[in-house]
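Asks: Chain residues, written in single-letter form:
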Amino acid sequence: MPAPIRLRELIRTIRTARTQAEEREMIQKECAAIRSSFREEDNTYRCRNVAKLLYMHMLGYPAHFGQLECLKLIASQKFTDKRIGYLGAMLLLDERQDVHLLMTNCIKNDLNHSTQYVQGLALCTLGCMGSSEMCRDLAGEVEKLLKTSNSYLRKKAALCAVHVIRKVPELMEMFLPATKNLLSEKNHGVLHTSVVLLTEMCERSPDMLLHFRKVCLLVPQLVRILKNLIMSGYSPEHDVSGISDPFLQVRILRLLRILGRSDDDSSEAMNDILAQVATNTETSKNVGNAILYETVLTIMDIKSESGLRVLAINILGRFLLNNDKNIRYVALTSLLKTVQTDHNAVQRHRSTIVDCLKDLDVSIKRRAMELSFALVNGNNIRGMMKELLYFLDSCDPEFKADCASGVFLAAEKYAPSKRWHIDTIMRVLTTAGSYVRDDSVPNLIQLITNSVEMHAYTVQRLYKALLDDISQQPLVQVSSWCIGEYGDLLVSGQCEEEEPIQVTEDEVLDVLEGLLVSNLSTPVTRGYSLTAIMKLSTRFSSINRIKKVVSIYGSSIDVELQQRAVEYNALFKKYDHMRNDWYFPLPALLERMPIMEKTASNGPTEIMQTNGETEPSVPDTKHLPLVTQPANQANDLLDLLGGNDVVPVIQTTLPTKPASAGGELLDLLGDLSLSGGLAPAPSVPVSQPPFLLDGLSSQPLFNDTSAAIPPMTAYSKNGLKIEFTFERANPNPNIAVITIHATNTTEADMTEFVFQAAVPKTFQLQLLSPSSNIVPALNQGSVTQVIRVLNPQKQQLRMRVKLTYTHKGSPVQDLAEVNNFPPQSWQ
Amino acid sequence: MMHFLLLFSRQGKLRLQKWFTPIPEREKKKIVRDMTTMVLGRKPRSCNFLHWKDLKIVYKKYASLYFCCGLDAEENELLALEVLHRYVELLDKYFGNVCELDIIFNFEKAYFILDEFLLGGEVQETSKQVVSRSIEASDMLQEVSERPCSR
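Chains H and G, in that order, give the protein sequences. Here our numbering is used: the first residue of the first sequence is 1, the next is one more, and so on. Here our numbering is used: the first residue of the second sequence is 828, the next is one more, and so on.
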């Protein structure tokens, strides 16, 4: 058999292929040749063949039949063979192959080889892809090499140890003795890898961290090394643009960060060197800025004195003005992390940050937007909002939804006047109306309802906007709701804030009917318009026209519209007296919506009260509204609970209810199903996230009930902490309202967070919708959710909770019992 | 730590792939596809940092080759740019005015150089000279131990 062609020859040949098919043919031919060569157990050319195989593998072709051959190469005595063999092993094998384990013996032998380059190959392979079993088997060898005086091997052994610790954390202890004099090395390679090893150990084990801090006195050693690096003159071997070994400097700064975190003494010991690095590092090139960046991160994370912190923020401020995009990006990201803790210092750079909104780079724009929202406060709201609205107008669609939500949130918190607030909302709806999130619509409606004196102005502006454009659904929905509610103000021309427009009832009805028939309207929007038309029957005089419209839709194909129309028809026919209060002393169905009081604390309960909603406070508790959930969710919980002693909890959003008072009314309308019916607005805001539950304090809402119930930590594990705060629902003392606050101390967000709970049979439980399902990292925010527990028998409250979330890409699930409820919560 | 380092051309052809965590073959292919799409799709004057799943992606273009690495969230991106630059300098020193063709025809050498610079996703040697000397010595060892017929 002729000698197999050389690697370079093969590469040249394959590159001449003009089509994919031609290439595939060449590859297949060569693979066949290689396969037969492997079968012949040819030692001479094995190396060449495997190399070719690796090339073809990189092009995307399968190469698994070469795995065993790599092992044979590794076992060979020739250095060339070993080199290619180990390379092949690293490329073709991963932990999931059984072949992997066969390598262990070879690696063990090579770790003890007489040639350091062979030992190096073995260490490299083990350190890159060693499985847990291999690491366990070979940890001893690595530890031995960690103590050698050969710096070439020592540095590789250190990183190999890092890998072993990552794979098998329990083995960390055995490397501790060898770390004793690692930092007294002069060799930079060993120093660098030692710092990496120490960092890994400190990050993984708080005990190790304490040990290194207190016993080994690591901080002074590191400070000394760092000082030497900065003060020493030009060292050609490690110089990068005038800076001595930036890689080592950054790693030391990072280790200092971990050592100084939440420790006053260590932080104090590193204050000077940090200040020195921060002021003396050359910033003309990227490498200097990389060191400054790490320094800033360290200063912000340890217990540094305020002068140092201000210095750090100023460095970030200077970064913002840098021409280099990367540096601006990094500055914005860091400022976002510090804006909570050092708010005032970051405020000083507000104008620079706002300028970054106009940057061309998408990543920078996004960071600038987030940071801008974080900086908005009562003083700068007008100016900031102008910039942000301008940004909203001109930004890419991917930003609009987030920006709109942010604007609403900020406006809600800091609006200087009601008129300004309404104007801002109008601006957002008209410019980015189709990007506004669905859940904003009920919130806006609630806001508008509460601004009593602006009703006329609002409905007039919304009406005019509607005349211009009916394509943006959120705008249309809010407008039709308002017209339905305040149509009387519209036609009577009562507006004080601006010139009142002349509108007739027919014109208004034309517009609303236009929405019903338009192709642009979604089914939800049509529902809003139909309801609005119906409501106008108590406000307008052209009842006949309304009756006609309503009856037409009684035979609509859309089931939702049909149901509504039929019910409204019924109102006209059988229950005409209920539309207004001539005969009935109870508040009528279609009367003006009452104001929803907003207080600083637990929103939902309060809102429910003043709405006249009676739900759980009604003594006949069997009417606790439980909307049935899809079967699988209930089954999940039954599995969770495993037994018959608990009632599956059903997560609900509050179902819609008419704005009426008595249970009597419900009975009266027994044959009329008013679900999903008349007033979508009042109850829905309850389930809304940040707006209403924002700024929750755990102060008790009702002063007349017993003293505040202390909050409790229900769950704390893996960085996720869930706290329960309590209120009592008035007037029914049998109902405890619990608000859960979920926070996350890890460095990665927890996404798709779902909280489920179950209680024993004697209780009834209702879960409202959570504020969001992302628990931000590093306690930057929390997820809140309201639970209402009915406890008529005053038994001790127990709860079983199930948490699911995604953290760093992998799903996490946990079950826990919560038994430590304070007695006041159920007595 | 660095999770992976990829080199690919303007047309998306892979020239080097180094993985520092165990990932199944199919997953690797997907990541390569995602990276090439994302990086090649970036506008010319954008910043060199991206977010992908829970990793930071740092990339830099050198002539016709894109150097792209995936890092943990706590890594220093600006330093990562220096790491990529250092690797390019090492290649340049070894091959003398390195270009894409050098890496295509001598891919195994590119891997050997990388393995003297990075280990387990971390930098193992911060001195250019030391890395170069190690590679030269290894090459020498290879020549000495090789039989007359070369690869």
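Think of the hints as simulated: they come from the structure by calculation, not from any bench. Don't take each hint at face value.
Listed next, the in silico DSS-like pairs over lysine-lysine satisfying Cα-Cα at most 27 Å (straight line) [what the hints assert, rightly or not]:
(1) G/K880 to H/K167
(2) G/K845 to H/K167
(3) G/K880 to H/K325
(4) G/K845 to H/K108
(5) H/K808 to G/K856
(6) G/K855 to G/K870
(7) H/K167 to G/K857
(8) G/K840 to H/K29
(9) H/K365 to G/K888
(10) G/K936 to H/K325
(11) H/K761 to H/K808
(12) G/K880 to H/K721
(13) H/K717 to G/K856
(14) H/K365 to G/K880
(15) G/K880 to H/K337
(16) G/K845 to H/K78
(17) H/K365 to G/K870
(18) H/K358 to G/K883
(19) H/K167 to G/K887
(20) H/K808 to G/K887
(21) H/K365 to G/K955
(22) G/K955 to H/K808
(23) H/K358 to G/K870
(24) H/K167 to G/K856
(25) G/K888 to H/K358
(26) H/K186 to G/K955
(27) H/K400 to G/K870
(28) H/K108 to G/K936
(29) G/K883 to H/K808
(30) H/K227 to G/K855
(31) H/K147 to G/K888
(32) G/K855 to H/K29
(33) G/K856 to H/K337
(34) G/K880 to H/K802
(35) G/K870 to H/K325
(36) G/K855 to H/K285
Being a predicted model, the structure only gives us computed values, none of them experimental.
Asks: Compare the structure with the hints numbered earlier in the document and write down the numbers of the violated ones, lowest to highest.
Replies: 10, 11, 13, 19, 21, 22, 30, 31, 33 and 36
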